[in-house]
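*Asks:* From first to last, the protein sequence lines are chains A and B.
With positions in the first sequence counted from 1, the corresponding number in my numbering is that position plus 45.
With positions in the second sequence counted from 1, the corresponding number in my numbering is that position plus 45.
Hints were generated in silico from the structure; no laboratory data involved.
Computed from a predicted model, the values in this text were never measured in an experiment.
Among these hints, one or two may not hold up.
One copy or two, either will do: identical chains are not told apart, so a pair holds if it fits within one copy or between any two.
As the list claims (entries may be wrong) - Listed below are the simulated DSBU-like cross-link pairs for lysine-lysine, each with C-alpha atoms no more than 30 Å apart in a straight line:
1. Lys150 / Lys138
2. Lys72 / Lys137
3. Lys174 / Lys138
4. Lys137 / Lys174
5. Lys174 / Lys149
6. Lys150 / Lys137
Protein chains: 2
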Amino acid sequence: MNIYFAGSIRGGREDAALYARIIDFLKQFGTVFTEHIGDSTLTDQGDEGFTDRQIHDRDMDWLLASDVIVAEVTTISTGVGYEIGRAVSLGKKVICLYRENPGKKLSAMIAGCPHLSMIIYHQPEELEKSIVNVLTNS
Amino acid sequence: MNIYFAGSIRGGREDAALYARIIDFLKQFGTVFTEHIGDSTLTDQGDEGFTDRQIHDRDMDWLLASDVIVAEVTTISTGVGYEIGRAVSLGKKVICLYRENPGKKLSAMIAGCPHLSMIIYHQPEELEKSIVNVLTNS
Chain A
46 MNIYFAGSIR
56 GGREDAALYA
66 RIIDFLKQFG
76 TVFTEHIGDS
86 TLTDQGDEGF
96 TDRQIHDRDM
106 DWLLASDVIV
116 AEVTTISTGV
126 GYEIGRAVSL
136 GKKVICLYRE
146 NPGKKLSAMI
156 AGCPHLSMII
166 YHQPEELEKS
176 IVNVLTNS
Chain B
46 MNIYFAGSIR
56 GGREDAALYA
66 RIIDFLKQFG
76 TVFTEHIGDS
86 TLTDQGDEGF
96 TDRQIHDRDM
106 DWLLASDVIV
116 AEVTTISTGV
126 GYEIGRAVSL
136 GKKVICLYRE
146 NPGKKLSAMI
156 AGCPHLSMII
166 YHQPEELEKS
176 IVNVLTNS
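Isolated chain A, as found in the complex (with noise of 0.2 Å):
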């Protein structure tokens, strides 16, 4: 199985410590194209050394290459929602994840987007059987 991470990188980079741990997670499911995202040296700079047009065509790539896409949408990042936007109209499996956070509000945009799977909580403890649940249940 090829999987897809999306979280944030311009947006903030404040949960890259939890991207590396679903990504660690997931990988035991197949190959994670998206492992720089969990990569704790990573700033909100982005990808040094490509040009923005470069990372948009490799993501791209990635994400018609993926037979899922998992996207923790806690912190908000445009970026994010343009990869669940491009992946729901291909089709594609839509996993999202939301930690319960008054003040991180999640967009109606996607709570309400019937073409995904969501799952919400609170510890990092619980995401990996919900991830199981909503992967083994396709």
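Dock chain B against the given chain A, drawing on the hints supplied.
*Replies:* Showing chain B alone in chain A's frame:
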């Protein structure tokens, strides 16, 4: 011409007055479906009285019926990113407006997307001429 204006709601309402100004300007070219985005009484709690599913489905109906999507992308917003992704996948004309701002970095997925027109501006006064230029070069 039917126009879908996209701006941040739950991502933050600090640009609401600017959205209202852009919507007023766009109205001379046709119908702007999403006039409520510029309403100063609309808070970051979003549209009251609607479920997230109702908001999503109404906005997607409007997006489908639009000839052009104009998205103000300075305030980071997962919902605006989702709408741009869906619009790009539908082959719609998409115009993004970004007020250059080191504190609000533009996503590489938007800055590097070859399927949209990007207008970078510093003052709202610059916007109107640029929008006319892009709308009439279609």
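*Asks:* Of the hints given before, which are not true for this structure?
*Replies:* Hint check: nothing fails, all pass.
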